[in-house]
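Q: All chains should be built: construct the whole structure from the sequences, respecting the hints.
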Amino acid sequence: MTKVSTLAEAVASIPSGAHVALSGFATARCAMAFAHEVIRQGITKLTVSQCVGAMDADILVGAGAVERIVYGGGSRGRSGQHFCLNRAIEQGDLITEEFSSLSMTFRYLAGSLGLPFIPIRSLNGSDILKRLEEKTSPLVGRLQDPFTGEDWLVLKPLVPDVSVVQIQVADEEGNAWILGPRWDNEEQSKASKRTIVITEQLVSTETIRRYPERTLIHGFRVSHVVHLPFSAHPSSVYGVYDFDKEHIKIYAQASKTPQGLQEYLDKYVYGVKDHWEYLEQIGGMKYLDELRADPILGY
Amino acid sequence: MATDLEYTSFELMAVAGARELKDGEIVGVGLGLPVISSFLAKRTHAPNATILFELGVVDPEPLTVAVHGLSDPRLWYRAKIHSSFADMLGSVLHKGLIDVGFLGALEVDMYGNLNTTLLGDPKGKFRRFTGSGGGNDLASNARRTVITIRHEARKLNEAVTFITSPGYLRGGDEREKLGLRGGPSRVITDKAIFGFDPQSKKMRLESIHPNTTLEDVLSNMSFQPIIPDDVPVTVPPTAEEVRLIREEIDPEKAYAGS
Numbered sequence: 000m001t002k003v004s005t006l007a008e009a010v011a012s013i014p015s016g017a018h019v020a021l022s023g024f025a026t027a028r029c030a031m032a033f034a035h036e037v038i039r040q041g042i043t044k045l046t047v048s049q050c051v052g053a054m055d056a057d058i059l060v061g062a063g064a065v066e067r068i069v070y071g072g073g074s075r076g077r078s079g080q081h082f083c084l085n086r087a088i089e090q091g092d093l094i095t096e097e098f099s100s101l102s103m104t105f106r107y108l109a110g111s112l113g114l115p116f117i118p119i120r121s122l123n124g125s126d127i128l129k130r131l132e133e134k135t136s137p138l139v140g141r142l143q144d145p146f147t148g149e150d151w152l153v154l155k156p157l158v159p160d161v162s163v164v165q166i167q168v169a170d171e172e173g174n175a176w177i178l179g180p181r182w183d184n185e186e187q188s189k190a191s192k193r194t195i196v197i198t199e200q201l202v203s204t205e206t207i208r209r210y211p212e213r214t215l216i217h218g219f220r221v222s223h224v225v226h227l228p229f230s231a232h233p234s235s236v237y238g239v240y241d242f243d244k245e246h247i248k249i250y251a252q253a254s255k256t257p258q259g260l261q262e263y264l265d266k267y268v269y270g271v272k273d274h275w276e277y278l279e280q281i282g283g284m285k286y287l288d289e290l291r292a293d294p295i296l297g298y
Numbered sequence: 000m001a002t003d004l005e006y007t008s009f010e011l012m013a014v015a016g017a018r019e020l021k022d023g024e025i026v027g028v029g030l031g032l033p034v035i036s037s038f039l040a041k042r043t044h045a046p047n048a049t050i051l052f053e054l055g056v057v058d059p060e061p062l063t064v065a066v067h068g069l070s071d072p073r074l075w076y077r078a079k080i081h082s083s084f085a086d087m088l089g090s091v092l093h094k095g096l097i098d099v100g101f102l103g104a105l106e107v108d109m110y111g112n113l114n115t116t117l118l119g120d121p122k123g124k125f126r127r128f129t130g131s132g133g134g135n136d137l138a139s140n141a142r143r144t145v146i147t148i149r150h151e152a153r154k155l156n157e158a159v160t161f162i163t164s165p166g167y168l169r170g171g172d173e174r175e176k177l178g179l180r181g182g183p184s185r186v187i188t189d190k191a192i193f194g195f196d197p198q199s200k201k202m203r204l205e206s207i208h209p210n211t212t213l214e215d216v217l218s219n220m221s222f223q224p225i226i227p228d229d230v231p232v233t234v235p236p237t238a239e240e241v242r243l244i245r246e247e248i249d250p251e252k253a254y255a256g257s
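Chains as they are written, first to last, in numbering that gives the first Met the number 0: chain A, 0 to 298; chain B, 0 to 257.
Because the hints were derived from the structure by calculation, they are not lab data. Built from N, CA and C at the ideal position, the CB exists for glycine as well. Errors might be hidden in some of the hints.
Using 25 Å as the maximum straight-line C-alpha spacing, the simulated DSS-like pairs for lysine-lysine come out as follows [claimed, not checked]:
| # | chain 1 | residue 1 | chain 2 | residue 2 |
| --- | --- | --- | --- | --- |
| 1 | A | K248 | A | K285 |
| 2 | A | K244 | A | K266 |
| 3 | A | K155 | B | K176 |
| 4 | B | K154 | A | K129 |
| 5 | B | K176 | A | K129 |
| 6 | A | K134 | B | K122 |
| 7 | A | K155 | A | K192 |
| 8 | A | K244 | B | K21 |
| 9 | B | K154 | B | K94 |
| 10 | A | K192 | A | K44 |
| 11 | A | K255 | B | K124 |
| 12 | A | K44 | A | K155 |
| 13 | A | K248 | B | K79 |
| 14 | A | K155 | A | K189 |
| 15 | A | K285 | A | K266 |
| 16 | A | K155 | B | K124 |
| 17 | A | K272 | A | K248 |
| 18 | A | K44 | A | K272 |
| 19 | B | K122 | B | K94 |
| 20 | B | K79 | B | K94 |
| 21 | B | K122 | B | K21 |
| 22 | B | K154 | A | K189 |
| 23 | B | K201 | A | K129 |
| 24 | A | K266 | A | K255 |
| 25 | B | K154 | B | K201 |
| 26 | A | K272 | A | K285 |
| 27 | B | K124 | A | K129 |
| 28 | B | K124 | B | K154 |
| 29 | A | K266 | A | K248 |
| 30 | A | K44 | A | K248 |
| 31 | A | K255 | A | K244 |
| 32 | A | K2 | A | K272 |
| 33 | A | K244 | A | K192 |
| 34 | B | K122 | A | K255 |
| 35 | A | K189 | A | K2 |
| 36 | A | K255 | A | K285 |
Label-pair ranges, simulated between beta-carbon atoms [stated by the list, open to error]:
| # | chain 1 | residue 1 | chain 2 | residue 2 | range |
| --- | --- | --- | --- | --- | --- |
| 37 | A | P115 | B | A152 | 43 to 51 Å |
| 38 | A | M284 | B | D215 | 43 to 51 Å |
| 39 | A | E205 | B | K79 | 29 to 37 Å |
| 40 | A | P115 | B | F125 | 41 to 49 Å |
A: Quick look at the structure:
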């Protein structure tokens, strides 16, 4: 059954207040076109989760679409901090549930396996744990190992309403490949109630059947397949295009202040009708062609 | 070897970091200096070391280390494995297979606790930084941790503002009692190398870098480490180690100034 739909249709399936797991990692495979469309549609009060803070979460927070962030920290690496995220947390505009990369992964993993909790060695002794223990609705607990008698920290599973995965290749049913490192994306999708796939390339199911071991996103978990080239711009999609250093600089500079971000949103999000207009706005095909990845290097 | 070999303090730190890694070990690497150190170790005394990045990259051979971060695909080039957090931090790190967690830090205290979350600014407010990422996981689960940090009084503090990644907490057996594996073994700065006292778990001066004095080391930190009677001078980099960093590992000097 085909699940191919427009980005607008896929985004419209998400109600305000939903928990959305995002596939970005810093400046890689961020669901940027998706985030822009969420902002344009005026969806708010989202819970956003991901292992490592990425540009998709940052712009959603900056635009006021997010009420709660569940994540493991993160930055844009050498291109700087997530200014919107940090500002919102410093000002108390955002409910934060901060973990680490592995504790987030374990929470998704527990969700994907249908487990009620998962033990972990990480976080013990840290102020990250202290803050989590102060939460009124518990996210962490303690249990005795019935086999050894040892005391273990346990985490509550994450079961997002929807995971949004920005990937390279999918068929119309949503069977999809994630090429290159995939950080938390496989567990995110399997933990979630459903998955929206945003793919650079749409292939036939015959192609999927030819390499079934590559199917990391299962079509039967997928509600929408959106085929949209350069939909992670300005972040990278391994093997397809590199991250756009220059545009990330523009975003970094703009996002340092709320006014700057508003101007950015006016120009690149509200000022365009859809992703195709966005691509024209940043310079069109001639500009984007420069970002195409070398097939051997992957960037 | 000529005694007048010139090297930067960054190169000295990178070489000191490399020497902490043994051949055949599995190393979980954070961004920055640990990348240079682990690549240097692989080209010198530890060709069989396995280098692992948390997001799912094992033993890459990048053409450049001038990368934007772990998410920069330049760092993933020619890797032997592309996988996931669950794989790297779960079935390798949490299982107990990582020998060394190699981390940079914003702030470290006398028990090796690390802060990468909150730092006070001159106006007395707190600024947020990156938080944990995989830092807490490496510090909690690796068999030992090697930490690199700039030697400044505001970075080497008696107690950190926020424990992102635990060292020995308040010392003694406090870490062990919480079921945490390993613990920090070395703190490498641009002035000295520190270890930890086996009982009290307080930071202990192991060596002072060439052309640095004990006074210089102590006046630029906010606590008094244990100072043994005999503190040797850090063995300086060899000409070959400096050449490898400059010509093969970081020819663009991506880290030379950092």
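Q: Give a verdict on every hint.
A: Hints, verified against the model:
no.: 1; hint: A/K248 with A/K285; in the structure: holds (20 Å)
no.: 2; hint: A/K244 with A/K266; in the structure: holds (19 Å)
no.: 3; hint: A/K155 with B/K176; in the structure: holds (23 Å)
no.: 4; hint: B/K154 with A/K129; in the structure: holds (22 Å)
no.: 5; hint: B/K176 with A/K129; in the structure: holds (17 Å)
no.: 6; hint: A/K134 with B/K122; in the structure: violated (29 Å)
no.: 7; hint: A/K155 with A/K192; in the structure: holds (16 Å)
no.: 8; hint: A/K244 with B/K21; in the structure: violated (37 Å)
no.: 9; hint: B/K154 with B/K94; in the structure: violated (32 Å)
no.: 10; hint: A/K192 with A/K44; in the structure: holds (19 Å)
no.: 11; hint: A/K255 with B/K124; in the structure: holds (17 Å)
no.: 12; hint: A/K44 with A/K155; in the structure: holds (22 Å)
no.: 13; hint: A/K248 with B/K79; in the structure: violated (32 Å)
no.: 14; hint: A/K155 with A/K189; in the structure: holds (16 Å)
no.: 15; hint: A/K285 with A/K266; in the structure: holds (20 Å)
no.: 16; hint: A/K155 with B/K124; in the structure: violated (33 Å)
no.: 17; hint: A/K272 with A/K248; in the structure: holds (24 Å)
no.: 18; hint: A/K44 with A/K272; in the structure: holds (23 Å)
no.: 19; hint: B/K122 with B/K94; in the structure: violated (43 Å)
no.: 20; hint: B/K79 with B/K94; in the structure: holds (20 Å)
no.: 21; hint: B/K122 with B/K21; in the structure: violated (44 Å)
no.: 22; hint: B/K154 with A/K189; in the structure: violated (41 Å)
no.: 23; hint: B/K201 with A/K129; in the structure: holds (23 Å)
no.: 24; hint: A/K266 with A/K255; in the structure: holds (16 Å)
no.: 25; hint: B/K154 with B/K201; in the structure: holds (16 Å)
no.: 26; hint: A/K272 with A/K285; in the structure: holds (20 Å)
no.: 27; hint: B/K124 with A/K129; in the structure: holds (21 Å)
no.: 28; hint: B/K124 with B/K154; in the structure: holds (16 Å)
no.: 29; hint: A/K266 with A/K248; in the structure: holds (15 Å)
no.: 30; hint: A/K44 with A/K248; in the structure: violated (28 Å)
no.: 31; hint: A/K255 with A/K244; in the structure: holds (17 Å)
no.: 32; hint: A/K2 with A/K272; in the structure: holds (23 Å)
no.: 33; hint: A/K244 with A/K192; in the structure: violated (35 Å)
no.: 34; hint: B/K122 with A/K255; in the structure: holds (18 Å)
no.: 35; hint: A/K189 with A/K2; in the structure: holds (18 Å)
no.: 36; hint: A/K255 with A/K285; in the structure: violated (29 Å)
no.: 37; hint: A/P115 with B/A152: 43 to 51 Å; in the structure: holds (48 Å)
no.: 38; hint: A/M284 with B/D215: 43 to 51 Å; in the structure: violated (58 Å)
no.: 39; hint: A/E205 with B/K79: 29 to 37 Å; in the structure: holds (31 Å)
no.: 40; hint: A/P115 with B/F125: 41 to 49 Å; in the structure: violated (36 Å)
Hint violations for this structure: numbers 6, 8, 9, 13, 16, 19, 21, 22, 30, 33, 36, 38, 40, all remaining hints satisfied.
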